[in-house]
Amino acid sequence: MFGKGLIKGLKITMGHFFDKKVTEQYPEERPNLPPAFKGSFKLNVAKCIACGLCANGCPNNVIKIESVKDENNKKKLTGYKMMTERCLYCGFCVEACPPKALQWTKDFELAVHLRDDVNLDLFANYTPSPDDEKPAEPKNEEDSAQAS
Amino acid sequence: MLKTEELTLNMGPVHPSTHGVYRCVLTLNGEYIQNAVNHIGYLHRGLEKLAESRTYNQFIPYTDRLDYCSGLANEMAYVLAVEKLMGIENEIPERAQYLRVICAELQRLASHGICVGSFALDIAGSTGFFYSFRDRDRALELINMIGGNRLTPNFMRIGGVAHDLDEYFLNELNQFCDDLPACFDEYEGLLAGNEILQTRSKGVSVVSKEMALDYGFTGPNARASGIDTDLRRDEPYGIYDRFDFKVPVLQNGDTYDRFVIRVMEMRESVKIIQQAIKDMPEGPVMAKVPKVIKPPVGEVYHRIENAKGHLGFHIVSDGSTKPYRTRIYSPTFVMLSAFPEMAKGTHIMDAVLILASIDIVLGEVDR
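The listed protein sequences correspond, in order, to chains A and B. So the first sequence is numbered by my numbering: it starts at 10 and just counts up by one. So the second sequence is numbered by my numbering: it starts at 784 and just counts up by one.
Each hint should be verified, as a subset may be incorrect.
Unchecked claim - Listed next, the stretches of chain B that the computed footprint assigns to chain A, with coverage defined by at least 3 CB atoms under 8 Å from CB atoms of chain A:
| no. | region |
| --- | --- |
| 1 | 841 to 849 |
| 2 | 931 to 940 |
| 3 | 965 to 977 |
Think of the hints as simulated: they come from the structure by calculation, not from any bench. As the structure is a computational prediction, the values presented were derived from the model and not from experiment. Even glycine gets a Cβ: it sits at the ideal position worked out from N, Cα and C.
Okay, chain A solo, but in the shape it has when bound (with noise of 0.2 Å):
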């Protein structure tokens, strides 16, 4: 019979009409982040090394590094800039940071009014807390069998 299918069809249509709504009602309600969320970027100053192993890492010469020698000639970070407008959001500069102090954030709201807002100055951004006199967590085995 022609205009069965149809009939079918608005019978499911017609299931979900008193259905759960399943929209997320976006600014009042916060979407529910999984651990391994790629937001925005934030830098343990006292943490870093200052290696550069995450400007190196870089697929697109994000971040700008600046440090001095200190007079154990021990390097001592000055300035970090990310330049996060051609940022590919890829994680590789995480990845690669040995004392874990490059981290991300699930700050996922990025969008701001001048162009120059988008880049970030990590170390400008840095308040000290309490936590940050701990000393840098061992690397896991995945990063000592990628070394070998």
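Starting from the structure of chain A, add chain B where the hints point.
Chain B in isolation, oriented as in the chain A frame:
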């Protein structure tokens, strides 16, 4: 006698039915298309050239941007090609192999979801579009859990995958796979069984087996024309030979078959994911590869069955850390070239439907 003349109509580059920035100049005789001319290149970003100035690892996130509906599958094609070039394709850990298959099939579900949805939308059935996108969004949320991004996850690495996936993700994925067959029944009841859709799409732009072979059709579009080909079965890459799945083949080669075959394929993908979750062993997810990748001098071509057809990477290495040349063979570029012939003689409203049934993604066409 009424004076009549041919009309030249410019469709695109910014037109919702062209699925991106594709432009087509149609010559119309009334409602009928006499001639169609493809204009592409609006989304050309020079990815092949970009590959030459990046190291092998650094190019992985760019492959996500090829066919942005199936990022994980593109990554898989690229890393498999580089692994073949380095000669380490047998050293990839078991768990990583299984995770790769899960990712590729999940991405196939998401990609076919967009095809089914946009086909429904182009035939003016917005309910089908939202049902399909509701399920695709769940797949994207799972991809978000895998890599942290919904479209460009950057999860595969040369020698394995970036990190292990936890029990929580696998449970969610299992739940998703259990829910999906009911959703496919909905698509079939709402769209494929609908008489209006059938009248609009059956017998429209029939691609014969010969024509499909002549134009080099691959993937679901070739299988809708009766060509029994699937790289997952014919030349298994990774561990695809361990899974039990059917390759659906339809004979008519019209837009209706090209639509229905995608729903059939999604059912098979769900089966593959369920088998992979069941068989997945514990263990490492990364092989021992050097941090600086320097493949030996030589060249390699590797292709996989992407959601849209054969996606191939031809990489030439000169022994340095960067590839000398990377060539990308993309399926939809090839199939779009058949569009003028497919559209000839059809109604103008069928042209958007034919485009939707080819399932073009301009990121891949223009590269």
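Hint-by-hint comparison with the structure:
no., hint, verdict
1, 841 to 849, "holds (count 5)"
2, 931 to 940, "holds (count 4)"
3, 965 to 977, "holds (count 6)"
The earlier numbered hints are all upheld by this structure, with none contradicted.
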